[in-house]
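Chemist: In order, the protein sequences belong to chains A and B.
Numbering follows the working numbering, with no gaps: position 373 of the first sequence is 373.
Numbering follows the working numbering, with no gaps: position 318 of the second sequence is 318.
Bear in mind the hints are in silico, worked out from the structure with no lab data behind them.
Any given hint could be a false lead.
[To be verified] Derived list of chain B stretches under chain A, where covered just means 3 residues or more per stretch with a C-beta under 8 Å from a C-beta of chain A:
{"hint": "1", "region": "43-54"}
{"hint": "2", "region": "305-311"}
{"hint": "3", "region": "317-331"}
{"hint": "4", "region": "369-379"}
[Said to hold, decoys possible] Using 16 Å as the maximum straight-line C-alpha spacing, the simulated EDC-like pairs for lysine to aspartate or glutamate come out as follows:
{"hint": "5", "chain 1": "B", "residue 1": "Lys109", "chain 2": "A", "residue 2": "Asp379"}
{"hint": "6", "chain 1": "A", "residue 1": "Lys29", "chain 2": "B", "residue 2": "Glu112"}
{"hint": "7", "chain 1": "A", "residue 1": "Lys295", "chain 2": "A", "residue 2": "Asp171"}
{"hint": "8", "chain 1": "B", "residue 1": "Lys109", "chain 2": "A", "residue 2": "Asp321"}
{"hint": "9", "chain 1": "B", "residue 1": "Lys109", "chain 2": "A", "residue 2": "Asp322"}
{"hint": "10", "chain 1": "A", "residue 1": "Lys107", "chain 2": "A", "residue 2": "Glu121"}
{"hint": "11", "chain 1": "B", "residue 1": "Lys107", "chain 2": "A", "residue 2": "Asp379"}
[What the hints assert, rightly or not] If we take Cβ atoms under 8 Å as the criterion, some of the chain B residues that face chain A in the derived model are:
{"hint": "12", "residue": "Leu20"}
{"hint": "13", "residue": "Pro23"}
{"hint": "14", "residue": "Leu25"}
{"hint": "15", "residue": "Pro28"}
{"hint": "16", "residue": "Phe105"}
{"hint": "17", "residue": "Leu266"}
{"hint": "18", "residue": "Lys270"}
{"hint": "19", "residue": "Thr271"}
{"hint": "20", "residue": "Met272"}
{"hint": "21", "residue": "Met314"}
Don't be surprised by glycine CBs; every beta carbon is placed ideally from N, CA and C.
There are 2 protein chains.
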Amino acid sequence: MTITLADVERARRMLAGVALRTPMLAAPKLSGLTGAEVFVKYENLQVTNSFKDRGAFVKLSALSEEERRRGVIAMSAGNHAQAVAYHARRLGIPATIVMPITTPFVKIKATEAFGAEIVLEGETLAECQNRVDAIIAERQCVLVHPYDDPAIIAGQGTIALEMLDEIGDLDVLVIPIGGGGLIAGNAIAARGVRPIIEIVGVEAKFYPCMRNVLTGANDPVGGSTLAEGIAVKNVGVLTVPVVRELVKNIVLVDEAHLERAVNAYLTLQKTMAEGAGAAGLAAMLAAPELFRGRKVGLILCGGNIDPRILASIMVRELERDDRIVSFRLTIMDRPGELGAIASLLGELGANILEVDHRRLFLDVPAKGASLDVTVETRDHAHAEAIMRALARGGYRPARLAARASN
Amino acid sequence: MTITLADVERARRMLAGVALRTPMLAAPKLSGLTGAEVFVKYENLQVTNSFKDRGAFVKLSALSEEERRRGVIAMSAGNHAQAVAYHARRLGIPATIVMPITTPFVKIKATEAFGAEIVLEGETLAECQNRVDAIIAERQCVLVHPYDDPAIIAGQGTIALEMLDEIGDLDVLVIPIGGGGLIAGNAIAARGVRPIIEIVGVEAKFYPCMRNVLTGANDPVGGSTLAEGIAVKNVGVLTVPVVRELVKNIVLVDEAHLERAVNAYLTLQKTMAEGAGAAGLAAMLAAPELFRGRKVGLILCGGNIDPRILASIMVRELERDDRIVSFRLTIMDRPGELGAIASLLGELGANILEVDHRRLFLDVPAKGASLDVTVETRDHAHAEAIMRALARGGYRPARLAARASN
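Just chain A, same shape as in the assembly (with noise of 0.2 Å):
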């Protein structure tokens, strides 16, 4: 079952009209950050706010009026589950979408909103198989695969199809894998309209199935990841041929890379990108030795990330530039202190976000006492500034780690 250009451009004109030509923009910012010339296309801004609603459309329109009828089911923790429900609904097919228990609330209440049938089953994907099974026995609906299905590969493919129509001396592709149904698809695409474009794969140091796969290695597969969306145990199985074929090589990208990544698209190129979906970039601070120089097109293929989650990597990125810094000082225990040191960090220009005033440690005199404050500085430099004023102030600053809640 061999997967071409043919059938990508198919799947192209069908979703003309239906799934958005995203936007395909150089980012300035980006390229100065990594030393390639970055462009990004911005799947994020598909309804569902990623890629899968290529594929989803594709694999709907294909069904017979007596599948459409019986409806179809999908297992799937994030974007697939809302690209499915959506489409479906527009196509007025039933849909029914299994997803594990641990699926972060943002998602269900999104998928459910597009008006499918939500069970909550098991704590991964892969124990909600079972239920799965049962559903389909019971309906004879029809499963919708997230990447194991040449009708998703084909219309994912089309995303490289329309990079290339823009720029189309592009050198490298930087693409997510998963189970492999995005890279496959555009790897098929984009090598069959330009053959001398290199594709580079990217996967989460926690999930290298796919390279394992390849390579036969063994490594542990598992883990907490930022990239939930890539998070995938078993890889298609029409997808690792397409990916052993066409896609030079793997880089695996660890949580820093994600968080600064996904820091970058929103601080440098104003857009929000989840895990999964400024992969892509993480892969370009991991391995800057791969694009330096070259025409890189990113696919920042979703922007499903729970807001929580971005406002505290937002923060902790504060903290590893030096703008947000807490440090501990000794104090004595007498009236007017406090006063004292928020008087000179006012003169120092670093604006006090907050104050921890403690008198129970062992570690300072009896009659001392210890204050931990954090405070806002305008870079690194002004926080040493700042270590150094309190030192001469006496009052014996040490640095604490970063806090960022949660």
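Since the structure of chain A is provided, determine the placement of chain B on it from the hints.
Modeler: For chain B alone, coordinates are given in the frame of chain A:
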């Protein structure tokens, strides 16, 4: 000095290939939120992340060789500064930017990064003026006014031409007003190509300057607003007559509307808007009856918001939605009590974010203690269920006001 559609069309030809033709996309989730059919023009994706790129380039390109040699000066705390600095460097023109010393660090750094000379002076823009005059007298450089200049106004107006190119039958454009350059240019352009289109202006409630001028009112002007990009105390001489003639009405938006709009852009559209950039959407939230059922074009005119402020808005919105809830419990001060409560919260599906245990309050029994807990919940109903369960457990829960930091 009348600016015409022909001026805007000329500006558009100058900008071709220089400023980005930003995406103009349907925003179905914002349509759902507002009851209108909403389209967004993503000016936050310009290189300096605001529409100011357009006017600045048009103005700088129109300078004579002699003027270019002498250099330019601009007075701005924000987006205008970055746009002038960026295009001046591209055109090889020396640029000096005078900013108030209160300018957020992120904006100073961004402008410096574009190679301009930064002069920090005074608490407000008004206080910068003398310094600007002195520098002009000394260097004979050309002032690039942020709005009261025909070239700037014509440059900004190119946005509406692009919007109507893509969606020709828009009923109304909603456009933020600071000094009035953005709305004047776009009103001229939009009404020029589509005479029946309605133009609605937006001002921050704390800065109703244009409205004061048009209505003869004398409402107070000043205060701290999230929309610092339109917090202007003097509207333009050139802009007022255009607004008087072409703008149907002006909506004032308060801080809560601005925060909700910034959050909606982020969580629903996956894009980052600064306060002024979200003002159009804020106006739709403030006065939905003006827009319901109509085809509305929003100019998301800027995306330069401090990450810390954005993170704080996101958390506050979660609190408003009861997805983060804080309450105080009265408990017996004995071993095991905290464990029992934490276990109960776990069974209820409440994710504990913060715990603060106090024994020193006077309003709890001498042998009692008070426990402040912040949890993440699914939604309002879930929060209520948790409160009821705690009451049944005898913990006398009392909701605490939102405590979003900063």
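Chemist: Next step is simple, just say for each hint if it's right about the structure.
Modeler: Results for each hint:
| no. | hint | result |
| --- | --- | --- |
| 1 | 43-54 | holds (count 4) |
| 2 | 305-311 | holds (count 4) |
| 3 | 317-331 | holds (count 4) |
| 4 | 369-379 | holds (count 3) |
| 5 | Lys109(B) with Asp379(A) | holds (10 Å) |
| 6 | Lys29(A) with Glu112(B) | holds (14 Å) |
| 7 | Lys295(A) with Asp171(A) | holds (5 Å) |
| 8 | Lys109(B) with Asp321(A) | holds (13 Å) |
| 9 | Lys109(B) with Asp322(A) | holds (15 Å) |
| 10 | Lys107(A) with Glu121(A) | holds (15 Å) |
| 11 | Lys107(B) with Asp379(A) | holds (13 Å) |
| 12 | Leu20 | holds (7 Å) |
| 13 | Pro23 | holds (4 Å) |
| 14 | Leu25 | holds (6 Å) |
| 15 | Pro28 | holds (6 Å) |
| 16 | Phe105 | holds (5 Å) |
| 17 | Leu266 | holds (6 Å) |
| 18 | Lys270 | holds (3 Å) |
| 19 | Thr271 | holds (6 Å) |
| 20 | Met272 | holds (4 Å) |
| 21 | Met314 | holds (5 Å) |
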